[in-house]
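*Asks:* Single-letter residue listing:
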Amino acid sequence: MFRYILRRVLYMLITLFIIATITFFLMKLLPGSPLSAENKLSESQQEVILAKYGLDDPIPVQYVNYMAGLVQGDLGISFHFDNTPVTQILLDRMPPSLTLGMQALVFGTIAGILFGLIAAIYHNGWLDYTSTIIAVLGTSIPSFVFAGMLQWYFATKWELFPVALWGTYAHTVLPTIALAIFPMATAARFTRTEMLDVLGSDYITTARAKGVTEPGVIFKHGLRNSLIPLVTVMGPMAVSLMTGTLVIEKIFAVPGIGEQFVSSIEVLDYPTIMGTTLLFSVLFIVIILVIDILYVFIDPRIRLTGGGN
Amino acid sequence: MATNQKKHEPPKELFVPHERKEDTSERITKPSRSFFQDARRTFFKNKSAVLSIILMIIIIIMSIFAPHFNEYGMDEQDLSRAKMPPKIPVIEDLPFFGMNGTLASEFKGDDVEEATKNAVMRYNNDEDFIDIEVLSEGDGSADSAEVAATYHIYEAKEMQDEYFWLGTDQLGRDQWTRIWLGTRVSLIIAFAAAAIDLLIGVAYGGISGYYGGRVDNVLQRILEILIGIPNLVVIFLLLIVLQPGIISIVLALTITGWTGMARIVRGEVLKQKNEEYVLAARTLGQSNGKIIRKHLMPNVAGIIIINTMFTIPNAIFFEAFLSFIGLGIVPPEASLGALVDSGFKVLRLYPYMVFYPAVLISVIMIAFNLIGDGLRDAFDPKMHK
Amino acid sequence: MKKVWLLSLALLFGLFLAACSGGGESGSSDSGSDGGSNEGSEGDSGSDAEQVLHFTNGDTIPSMDPGMATDEYGIQFTGATMEGLYRVKDGEIVPGIAKDHKVSEDGTTWTFNLREDATWSNGDPVTAHDFVYAWQRAVDPETGSEYGPYMLGGVVKNATAVNEGDVPVKELGVKAPDDYTLEVNLENPVPYFESLATFSTYFPLNKDFVEEQGDKYATSTDTLLFNGPFTLENWNSTASSWELQKNEDYWDAETVELKKMTFEVVKDPQTAVDLYESGEVDRAGLSSDLVDKYQSHDHYKVFPEASLFYLKMNQTKSEALANQKMRKAITMAFDKQALVDEILNNGSIVSTGFVPADFVQTPSGEDFREANGDLITYDPEKAKKLWEEGLEEIGKDSVKLELLGGDSETAKLSDEYVVNQLQKNLPGLEVSLKSVPFEQRLDADTNMNYQLQTSGWGPDYMDPYTFLNLWLTDGQNNKMGYSNEKYDKLIQETTDELAQDPEARYDNFLEAEKILAETAAVAPIYQSAKAQLVRPKIQDIYFNSFGPTYEWKWASVGSGE
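Chains as they are written, first to last, in numbering that gives the first Met the number 0: chain A, 0 to 308; chain B, 0 to 384; chain C, 0 to 560.
If you are wondering where the hints come from, they were derived from the structure by calculation, not from laboratory data. Keep in mind that the hints are not guaranteed to be accurate.
[What the hints assert, rightly or not] Simulated restraints on C-beta separations:
#1 A:46 / C:118: 44 to 50 Å
#2 B:140 / C:299: 54 to 60 Å
#3 A:101 / C:299: 55 to 61 Å
#4 C:118 / A:73: 57 to 63 Å
#5 C:101 / A:67: 54 to 60 Å
#6 B:67 / C:378: 32 to 38 Å
#7 A:51 / C:372: 32 to 38 Å
#8 B:187 / A:101: 35 to 41 Å
#9 B:19 / A:124: 49 to 55 Å
#10 C:252 / A:51: 33 to 39 Å
#11 B:194 / A:58: 35 to 41 Å
[Claimed, not checked] Listed next, the in silico SDA-like pairs over lysine to any residue satisfying Cα-Cα at most 20 Å (straight line):
#12 B:107 / C:295
#13 C:215 / A:27
#14 C:169 / A:49
#15 C:316 / C:518
Think of the CB as a built atom: it goes at the ideal place given N, C-alpha and C, for glycine as much as any other residue.
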């Protein structure tokens, strides 16, 4: 187990290194620099500005410097926000996204599992069809359409929640629901399929024959085994929920990292784009690792070994 | 002992010669069917999947021919007919379809007169073409009176004889034409992305899984790194570097999109290649290529097809998402995503601009999802009855 | 503030910008949390209205350093929290830190008398040395300020030389003979120097404080000093909400009535309007579609601006655009009236020249625009004729061009429209559209890497020169290969030999504008305006055509209607 994690962490670092390298050189290909301005800058000024951002060195030197800074947690200074370190921008913008992402993940998964469970238990009944329809709609309707509807009905029309902005708990409700709909639908579909599969298997029949109560069958034997494939899909989804919430953040005016990422792209703030990219990658890789480890606890058949297979 | 034995011998007459009959216990009473025949049968029993296929065929045909059903062009602008509501012959006379070429809304005011005034101002002061219906008389307090106004905009603009089936956009372009052309663009992007994912993913996963060992190890490490890069980031970066357009969107979608397919194919190939039939084929001296093509491929085909069916709606979804954040298709071209996006901004004002493309995009997504579900059931032997 | 900003921002964010102002809501200091609606709340608390306003802002404030700010919001909020020699009140220039000034006979030496009761928010007095330090810092190449050399260069003596590193910083033509006298030497007589001196680049800075903070200066509330009517609270450079509070140490604090203004970043206009309707904010900008719905609303207001939008034609990247006839054809080939009426729909007006309407007046009191009339109007027949002649001259029968435009919804629509019009009215022309974010367009502009571009300009001070110096051969913002000797000469004269002679100076401006039209420098499209919903109880927020968009010093929350 320990060896396995160690090995994975090593791969993680290599992956991050490669990602950082690729993004670094990709950024060098892109148009724009702190020098583009409406007004011409004098040559001595240009030199000062380039020096400020370390752009006066040859690119290989810049690369080494950047990597060295990276190791120390220094992601450089934003081109857009005057004298503001990228790390500060990330730290400022992460919390709202994390809050929303976590809430949506927890809420969406639990609701989805419940829907899926109900659908499986009442297989082919109207409850099954209803929750299947909800699940299909949930994966099919673009999230911004859904968010727009929520905002219109729940905030503007019925005035139950704030229209937008960030601050109190009430502000998180609508964006959380809008975000949760996709994981909910996905979880519902997976749970239903897997539950049906599991409930039809021999050991469930055995359990029933042994006199295990119906809730016991469903929760202890059925659900636990149905969760394994769910964990696989929910992992990457967790990352996209915490990072890719930009559409929702835009609609509800939430000062989150996703929204920040898009505006950084708009203003060609390369240090911030790079920093955000790396942050997303770290999150993504770590979560995938966590999920692989989580498997061990859910599925007794899986044993992690140090080897590759 | 011997005598005793004799004593207990059954009488000879009890022995009846066995009549030889054909053995029926092992007989196959049903016609024999191959796996694929079974799968097809299961699939066609699935009503929602069949319906979805028919729906998709109709949508594809419409996306090819529907733009030519009327005389309006894709980029035929005319600001004098901007933001016209939908109006379809015949259906315009059936009130509940809302396709009668009118704009309607409710207006509030302190009294009926003021509410009416608000309504009239909202609709260009064309009093002659506005029907007012009083909903609430009001008591003189703020916004207590309410009227429903219906504005006959086609008549007001003296365009009674024109029919914009799904209305027009802010530049006066026919939405029917644009929606179907947009569908075409979205489907092209989706199919192209799915096809490329399929090609690369199957080749990569197949090679990795089949050859195993060192090859597999190297390929898997590369894959791990690629999977580690959040695809949103790559797509953004690519779309900044490349000229926007259909090709770059497809490229951006596929550059990391194929990894999922590769992983699934590899897993399946790993499983299949240790099956006895592969061993048998190998023992009989079949070449690697032939084993892959003739034996492995048919057996992993199911999972590939299913996965592709889920790739397509994802691509459509992602393209819509790119449009929403401003990295989508270049105007005047449109995709369903771009249409939903521009309509979304006027959702409350001109709901028809977003309604039809949103419905279409949702229908396509649902259809592909249901087809995918149907195929998954069809390729699952447990579901064959 | 010169902002192409306005261009991309106004288009896209037309609503947003608009959204960043406010109105008075009566009982609302804690209204943010439950989103309850009190749309009709104006009347509910009577006359003892709380002097608090709530606004949305279109984006974050990237820089609060008056020397470094280049964007709309940086200029807006430095303007609200700091003060230079003068302020602008409803188009009039009124005293700020300077009480009055004397101009030498040759017009090149200005002596300002500063008030002695002005202090920084840390208690230090605001002195003439603060101005000297700030101005030197703005042009010092080590600072890397973009607006420093732009605003001071060619105006304050030696500014350009200092910026190029040719002479030491202390040679800059600004001196402090004593603590409360500021002496400024100009390169040439600059009749509009007073209005120039209201701009944030000319604000004073407290040297000790700025140097103590170093790189951290102006990155958060704690690293800022204020000498203006308001202080900025709860802000750092990435903050998405912040407050302005009345600065009790401001020398004219008794004039300032507003106690507090809150700001939240909201980028989506529909969201801003929803917040307005629910009573959480006091002003909301309207996109053109929203105007359809709200134009009959009691709170609907249109604010005209002095920003011009036009099509730049890069003569170095296309044979066709180097041809004067073809350029001229383009300037006449699209229907601007339909564009402002149907697409912009927010009070914007058609632009027919190179200086906006209602901006400056000639010495005889006539509006500049009226004095020169409509120079470039929509005329498809003439455009077609000129275009065909042009095609013959360059010996081609078709031309392909790319139009670089903004990425806001309104910008995209109007660019699509212009492209469509050009293709319809000019046979053989094919135009493709590329919509990119502002910064990317700026980059393409800087490197002259475009053919056609929709661009815009807002004035930096109250003088036609702010618009008419754009197209000088070596103009910093030309970047399209336009050059006309006669025009250069006319404009050059207005800054030296004619600087003291308003009549002749304006004659030159009028003449120069005619040359621009004659030679089709750019194709004017429209002069912008903002449509907003504003609470009626907001009083006396002034709308500036240059510098900070809004002036809040004299604003107050009234009793209602």
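*Asks:* Take the hints in turn and mark each one as holding or not.
*Replies:* Okay, the hints, checked on the actual structure:
no., hint, in the structure
1, A:46 / C:118: 44 to 50 Å, "violated, 37 Å"
2, B:140 / C:299: 54 to 60 Å, "violated, 22 Å"
3, A:101 / C:299: 55 to 61 Å, "violated, 42 Å"
4, C:118 / A:73: 57 to 63 Å, "violated, 38 Å"
5, C:101 / A:67: 54 to 60 Å, "holds, 57 Å"
6, B:67 / C:378: 32 to 38 Å, "holds, 35 Å"
7, A:51 / C:372: 32 to 38 Å, "violated, 49 Å"
8, B:187 / A:101: 35 to 41 Å, "holds, 38 Å"
9, B:19 / A:124: 49 to 55 Å, "holds, 53 Å"
10, C:252 / A:51: 33 to 39 Å, "holds, 38 Å"
11, B:194 / A:58: 35 to 41 Å, "holds, 37 Å"
12, B:107 / C:295, "holds, 12 Å"
13, C:215 / A:27, "violated, 27 Å"
14, C:169 / A:49, "violated, 24 Å"
15, C:316 / C:518, "holds, 18 Å"
Going down the numbered hints, you'll see the structure goes against 1, 2, 3, 4, 7, 13 and 14, while the others check out.
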